[in-house]
Amino acid sequence: MRWIAEVHVQLRPGIADPEGLTIAGGLRALGFASVSEVRSGKLLRVSFEADEVDQARGQVEAMCRRLLANPVMETATWEVRADDEPSEEARLA
Amino acid sequence: MSPPRIAVVVFPGTWSDRDFLDVAQLVGWDARAIWHTELELGSVDAVVLPGGFAHGDYLRTGAIACFSPIMPAIESFAASGGPVLGSCNGFQVLCEAGMLPGALLRNDHLEFRCDWQWLRVEAPASRTGRAAITPMEPPCLSSRRRSASSCATPRRMVA
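Chains as they are written, first to last, in my numbering: chain Y, 2 to 94; chain B, 49 to 207.
It is possible that some hints are incorrect.
[Stated by the list, open to error] Under the rule of at most 25 Å between Cα atoms (straight-line distance), these lysine to aspartate or glutamate pairs were calculated in the DMTMM-like manner:
id : chain 1 : residue 1 : chain 2 : residue 2
1  : Y       : K43       : Y       : D85
2  : Y       : K43       : B       : E159
3  : Y       : K43       : Y       : E80
4  : Y       : K43       : Y       : E86
5  : Y       : K43       : B       : D78
6  : Y       : K43       : Y       : E75
7  : Y       : K43       : Y       : D84
8  : Y       : K43       : Y       : E7
9  : Y       : K43       : B       : D105
FYI, nobody ran anything at the bench for these hints, they're computed from the structure.
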């Protein structure tokens with residue numbers, strides 16, 4: 002069956018995040034004076050096939066470890082859910 | 049004495065491969081470009097990973113390039129003592145591949161810096177015993193960078 006993983010990749014706490022700093026500066030310039038910090042990151046939505054939930058979770062864990070996050074400077078948090086929506090290919094068929 | 053043979057690795061998005069090939073030609077070295085899908089380096093004395101934006105720098109700089117088919121050959125060449133030069137993006141690919149410790153971070157001052165940079169020569173003798181650079185002549189190179197800060201595991205740091 003098909004699954005969707007949502008993977009959030011963020012810089013580790015303490016690692017300088019110039020993009021977040023710049024966005025925070027922009028928000029303050031717009032008048033959001035209370036903004037103290039912005040941390041930037043990536044949201045990756047991965048659609049894939051697996052037989053059951055443990056296999057799906059194992060695959061996502063391996064994807065994060067092998068490619069999606071660099072453990073030297075990043076962390077990945079993720080959740081996985083069954084994909085009930087028809088795929089793009091099925092909709093177009 | 050035959051000229052040194054240099055492999056210049058080209059990924060989709062690499063841009064300074066022509067610089068390295070032209071300079072090699074100027075000094076009489078035998079350099080050839082190697083596309084990233086090749087599996088063998090052939091018989092070479094050194095490997096260069098040039099700069100640019102391999103695979104568009106998507107996900108993380110070097111993250112996709114380090115899984116290129118040519119990379120195992122480069123890793124075994126380096127493991128057997130072969131000299132590998134990573135310039136700019138190529139350096140980042142070597143970090144992502146785990147051949148160098150650490151990772152490169154974006155400049156925290158939000159500037160793109162372009163400077164002349166003095167280097168310290170740590171190991172002047174080349175593998176073939178020919179000194180490419182002597183400690184008496186510290187090299188000064190042009191440096192252009194968006195990412196230069198490095199971050200390594202506590203045991204090992206790279207600059």
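A quick look at each hint next to the structure:
1. Y/K43 x Y/D85: Holds - the C-alpha atoms of Y/D85 and Y/K43 are around 24 Å apart, at most 25 Å.
2. Y/K43 x B/E159: It holds: about 22 Å lies between the C-alpha atoms, which stays within 25 Å.
3. Y/K43 x Y/E80: The given pair, whose Cα atoms are some 14 Å apart, holds under the 25 Å limit.
4. Y/K43 x Y/E86: Given pair Y/K43, Y/E86 holds - Cα atoms ~23 Å apart, limit 25 Å.
5. Y/K43 x B/D78: Roughly 43 Å separates the two Cα atoms, so the pair is violated.
6. Y/K43 x Y/E75: 11 Å, holds
7. Y/K43 x Y/D84: Status holds; Cα separation ~21 Å.
8. Y/K43 x Y/E7: Between Y/K43 and Y/E7 the Cα gap is close to 10 Å, so the pair holds against 25 Å.
9. Y/K43 x B/D105: Holds - the C-alpha atoms of B/D105 and Y/K43 are around 14 Å apart, at most 25 Å.
Checked against the numbered hints above, the structure breaks only hint 5 and satisfies the rest.
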